[in-house]
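**Student:** Generate coordinates for the entire structure from the input sequences, incorporating the hints supplied.
Keeping their order, the protein sequence lines are chains A and B. For what it's worth, my numbering labels the leading residue of the first sequence as 1, then goes sequentially. For what it's worth, my numbering labels the leading residue of the second sequence as 1001, then goes sequentially.
If you anchor each label on the Cβ, the simulated ranges turn out as follows:
1) Pro1109(B) / Asn18(A): 21 to 31 Å
2) Ser98(A) / Pro1109(B): 14 to 24 Å
3) Gly1016(B) / Arg61(A): 43 to 53 Å
It is worth saying that the hints were derived from the structure and are not from the lab. Ideal placement from N, C-alpha and C gives every residue a C-beta, glycine not left out.
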Amino acid sequence: GESVGLHLPTLSVQEGDNSIINCAYSNSASDYFIWYKQESGKGPQFIIDIRSNMDKRQGQRVTVLLNKTVKHLSLQIAATQPGDSAVYFCAVEGSSASKIIFGSGTRLSIRP
Amino acid sequence: GAVVSQHPSRVICKSGTSVKIECRSLDFQATTMFWYRQFPKQSLMLMATSNEGSKATYEQGVEKDKFLINHASLTLSTLTVTSAHPEDSSFYICSAREPSGGREQFFGPGTRLTVL
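**Tutor:** Given below as structure tokens:
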């Protein structure tokens, strides 16, 4: 089955610095990967996604990198702001189409 | 992006009662909706996939007779927690996917259930 894990449960960064959140997955057949942001008491908010035919995708202040060789993806947030404080989840569309499996989450906190 | 709503946002009930949570896609039709449960400081765990006009598909370990799912229309899926107990207290979140859209799922704001 599919499993997704994160390397660090918490991450503290200085305001203005870049943040890097990592995620590992197990199923090499996975072909769709998503990063979500969840603030306290709210549902997940889509940040960025990437398909397996790409290794990098950029959005506004965010970049997702995918390394299929080692089954690893990362989320990079440039110039981290206080509003970026949240829990970040990577998610993988499992071997069964349309089912998304969530990783365990990384809490990002920002130091002023 | 597409909007998904949930109602209620928060509910407190007594042990043994049943609670119904609604998930609506507001500006699109969703043939498939998903129900997740999230305990404090944990990730989202998929409970079931709700298919319009057919029976829901439950994940392993999720009791279908306890968590009743009805997807009666293309914009509404309901989750009923029957005979709720304190261990059912959790954050329940639904999501929906646009049939003609990409693979992105749109999530509702969640429903906080507290069973006394």
